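**Q** Going down the list, the sequences are from chains A and B.
As numbered in the numbering used here, residues 14 to 125 make up the first sequence, in order.
As numbered in the numbering used here, residues -7 to 104 make up the second sequence, in order.
Source of the hints: derived by calculation from the structure; they are not laboratory data.
Quantities reported herein were computed from a predicted structural model and do not represent experimental measurements.
Do not take every clue at face value.
[Said to hold, decoys possible] Coverage of chain B stretches by chain A, computed from C-beta distances (three or more under 8 Å per stretch; other residues unrestricted):
#: 1; stretch: 9 to 21
#: 2; stretch: 53 to 59
#: 3; stretch: 79 to 86
[To be verified] From chain A, some residues computed to sit far from chain B (all C-beta separations above 10 Å):
#: 4; residue: Gln19
#: 5; residue: Lys28
#: 6; residue: Gly30
#: 7; residue: Ile33
#: 8; residue: Glu39
#: 9; residue: Ala42
#: 10; residue: Pro65
#: 11; residue: Asp66
#: 12; residue: Asn80
#: 13; residue: Ser82
#: 14; residue: Ala83
#: 15; residue: Gln85
#: 16; residue: Leu113
#: 17; residue: Thr114
#: 18; residue: Gly118
#: 19; residue: Val123
Cβ coordinates follow ideal geometry from the N, Cα and C atoms, glycine included.
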Amino acid sequence: QQQVKQSPQSLIVQKGGIPIINCAYENTAFDYFPWYQQFPGKGPALLIAIRPDVSEKKEGRFTISFNKSAKQFSLHIMDSQPGDSATYFCAASKGGGNKLTFGTGTQLKVEL
Amino acid sequence: NAGVTQTPKFQVLKTGQSMTLQCAQDMNHNSMYWYRQDPGMGLRLIYYSASEGTTDKGEVPNGYNVSRLNKREFSLRLESAAPSQTSVYFCASTLDWNSPLHFGNGTRLTVT
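So that you can see chain A by itself, here it is in the shape it has in the complex (with noise of 0.2 Å):
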């Protein structure tokens, strides 16, 4: 049963482009939308977060869009990088905690 459904699988964009990660859960008593980027080799680290009382987050080129009527969420990153090059998972708790659901991740390649 998979709660927090992310697409698409894999993204390839140009450097300087949009890429945009979609997830849509199922439990409406998730109240904590985190998303984390992984590099080779490393955990996954925060990158942004938002919680449903606001529609839009934005920390420096990455924006997160909420939609809570239609249960979705989605990660935008403006002018992208190669250092961008990550998968990105987006997750989802109850009562504002770390007991995460995750998404099945995205692999993101930003080519020059």
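Given chain A, work out where chain B should sit, using these hints.
**A** Quick look at chain B alone, frame taken from chain A:
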């Protein structure tokens, strides 16, 4: 500052063998977690420890046991390894329920 340290980095076991994965954090965090990462499945929570002296099951606890040895250390034990336990195992810690997870760099386990 080491953060979250996992040992070993790699391990190969035969079916039926046992082993313990070690995790230690030096950030004075209260909560610790064990996740497994499998291709196409994201990260799934095995066990967690909200505070020293407590442990709880996550999404996929079968075949595993944990010990919160002290505030710094949280170990994961496989009593009788099975090929289905071939995975990358990540330990994570967090200061409190609302703080970001900090992950180690993982243990890659192969069970033949």
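**Q** Beyond 10 Å from every chain B Cβ: check whether that's true for A/Thr114.
**A** 8 Å, violated
**Q** Taking the shortest Cβ-to-Cβ distance between A/Pro65 and chain B, state whether it exceeds 10 Å.
**A** Label holds. Min Cβ-Cβ 15 Å, cutoff 10 Å.
**Q** Would you assess whether A/Ile33, listed as outside the interface, keeps its beta-carbon beyond 10 Å of every beta-carbon in chain B?
**A** Holds, since 19 Å exceeds 10 Å.
**Q** Looking at A/Asp66 again, its CB stays over 10 Å from all of chain B?
**A** 14 Å, holds
**Q** Does the claim that A/Asn80 lies outside the interface with chain B hold up, using a Cβ gap greater than 10 Å?
**A** The assertion about A/Asn80 holds, with a minimum of 21 Å to chain B.
**Q** Three or more residues of the stretch 79 to 86 of chain B near chain A by CB distance under 8 Å?
**A** holds (count 3)
**Q** Confirm or reject the statement that A/Ser82 sits farther than 10 Å, beta carbon to beta carbon, from all of chain B.
**A** Fine: 25 Å to the nearest Cβ keeps A/Ser82 off the interface.
**Q** Can you take a look at whether the stretch 53 to 59 of chain B is actually covered by chain A? Rule is 3+ residues, C-beta closer than 8 Å.
**A** violated (count 0)
**Q** With 10 Å as the threshold, tell me whether A/Gln19 passes as away from chain B on beta-carbon distances.
**A** It is violated; A/Gln19 is separated from chain B by about 8 Å at its closest Cβ, not greater than 10 Å.
**Q** For the stretch 9 to 21 of chain B, do three or more residues have a beta carbon lying closer than 8 Å to a beta carbon of chain A?
**A** violated (count 0)
**Q** Could you check that no beta carbon of chain B comes within 10 Å of the beta carbon of A/Gly30?
**A** 25 Å, holds
**Q** Would you assess whether A/Ala42, listed as outside the interface, keeps its beta-carbon beyond 10 Å of every beta-carbon in chain B?
**A** Holds: least Cβ distance 15 Å, greater than 10 Å.
Hints 1, 2, 4, 16, 17 and 18 from the earlier list are contradicted by this structure; the remaining hints agree with it.
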